[in-house]
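A.B. asks: One-letter residues, chain by chain:
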Amino acid sequence: DVKVTQSSRYLVKRTGEKVFLECVQDMDHENMFWYRQDPGLGLRLIYFSYDVKMKEKGDIPEGYSVSREKKERFSLILESASTNQTSMYLCASSPFGGAIGELFFGEGSRLTVL
Amino acid sequence: GQNIDQPTEMTATEGAIVQINCTYQTSGFNGLFWYQQHAGEAPTFLSYNVLDGLEEKGRFSSFLSRSKGYSYLLLKELQMKDSASYLCAVRPPHQKVTFGTGTKLQVIP
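In order, the protein sequence lines correspond to chains A and B. So that you can map any letter, position 60 of the first sequence is 60 in our numbering, and since no number is skipped, the others follow by simple counting. So that you can map any letter, position 44 of the second sequence is 158 in our numbering, and since no number is skipped, the others follow by simple counting.
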């Protein structure tokens with residue numbers, strides 16, 4: 001079965017803290033994505049990666065960075081968390097150039113920044 | 115850039131049919147997805163259209179008109195478990211899939 005695993009379901013952090021969100025997929029997919037989901041705004045793409053050590057900015061990359069050192073792992077980093085980064089974060093993966101390119105999502109990480 | 119519009123909320127009766135519309139304006143197009151998301155859960159894939167026309171999959175069907183930048187998801191024989199958000203997403207020629215804000219469907223008895 002397809003599996004995308006996010007390291008933490010719920011996190012509470014303080015303003016200014018560094019936050020790491022980890023995502024691991026076991027499907028050997030080339031593409032991995034980080035989205036955040038907020039009421040009324042839907043899913044917005046933060047960063048994506050189409051290969052190891054490759055990354056591209058999405059629609060809202062400010063305040064975030066990412067790391068992809070291994071194919072199966074894609075990390076989202078908040079260098080200095082702020083309250084406006086309180087959100088649900090969803091990781092997804094997809095095969096490159098697949099027949100459908102369907103996204104497989106993790107369960108999400110709900111981050112609260114106080 | 116991308117612009118995807120869908121209604122915010124809809125209500126329908128159990129056993130009925132409901133159509134959820136999605137319009138999009140994108141710079142390049144390589145397919146349109148529909149995802150279902152129950153409250154507190156991750157989105158799950160429902161359908162994918164890349165050519166014009168209707169794709170049927172059980173109680174769910176999805177339609178695409180590329181010339182009009184328009185798609186709809188049709189849900190038949192509604193069940194209470196169909197209460198969820200339905201997300202329209204567009205895939206441009208590169209790999210960045212962009213989502214609409216979603217339509218929250220409430221099915222009532």
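Keep in mind that the hints were calculated from the coordinates and are not lab data. Don't take each hint at face value.
A few chain B residues that don't get close to chain A, going by computed Cβ distances all over 12 angstroms [said to hold, decoys possible]: (1) E128; (2) V132; (3) Q139; (4) Y149; (5) A156; (6) R173; (7) S175; (8) R180; (9) L192; (10) V211; (11) F213; (12) I222.
Straight-line alpha carbon distances no greater than 25 angstroms define the calculated SDA-like cross-link-like pairs of lysine to any residue that follow [stated by the list, open to error]: (13) B/K195 - A/M88; (14) B/K210 - A/M27; (15) B/K210 - A/V12; (16) A/K71 - B/R173; (17) B/K210 - A/N84; (18) A/K3 - B/D196; (19) A/K3 - A/R14; (20) A/K57 - A/E69; (21) A/K53 - B/P207; (22) B/K210 - A/F96.
Short derived list, chain B residues pointing at chain A, Cβ under 10 angstroms [what the hints assert, rightly or not]: (23) Q151; (24) F159; (25) S181; (26) A203.
Backbone N, C-alpha and C define an ideal beta-carbon position, used for all residues, glycine too.
A.B. asks: When the nearest CB of chain A is found for B/F159, is that gap smaller than 10 angstroms?
C.D. replies: Cβ of B/F159 sits 5 angstroms from chain A, so the hint holds.
A.B. asks: So is B/F213 really clear of chain A, every C-beta pair being over 12 angstroms apart?
C.D. replies: 4 angstroms, violated
A.B. asks: Under the criterion that the straight-line Cα-Cα distance not exceed 25 angstroms, is the pair B/K195, A/M88 satisfied?
C.D. replies: 23 angstroms, holds
A.B. asks: Run the distance test for A/K3 versus A/R14: straight-line Cα separation, threshold 25 angstroms.
C.D. replies: Given pair A/K3, A/R14 is violated - Cα atoms ~30 angstroms apart, limit 25 angstroms.
A.B. asks: Regarding the assertion that B/E128 does not contact chain A, is the least Cβ-Cβ distance greater than 12 angstroms?
C.D. replies: 26 angstroms, holds
A.B. asks: Please settle this one: B/V211 was flagged as non-interface, so is its CB more than 12 angstroms from every CB on chain A?
C.D. replies: 6 angstroms, violated
A.B. asks: Find the nearest Cβ of chain A to the Cβ of B/S175 and say whether that gap is larger than 12 angstroms.
C.D. replies: 17 angstroms, holds
A.B. asks: Closest CB-CB distance from B/I222 to chain A, is it above 12 angstroms?
C.D. replies: 22 angstroms, holds
A.B. asks: Taking the closest Cβ pair, is B/S181 under 10 angstroms from chain A?
C.D. replies: 22 angstroms, violated
A.B. asks: Would you mind confirming whether the straight-line C-alpha gap from A/K71 to B/R173 stays at or under 25 angstroms?
C.D. replies: 37 angstroms, violated
A.B. asks: Since B/A156 was said not to touch the interface, does its Cβ keep a gap of more than 12 angstroms from each Cβ of chain A?
C.D. replies: 4 angstroms, violated
A.B. asks: May I ask you to check that B/R180 keeps its beta-carbon over 12 angstroms from the closest beta-carbon of chain A?
C.D. replies: Given that every Cβ of chain A is farther than 12 angstroms from that of B/R180, nearest at about 17 angstroms, it holds.
Against the hints set out earlier in the document, violations occur for numbers 4, 5, 10, 11, 15, 16, 19 and 25.
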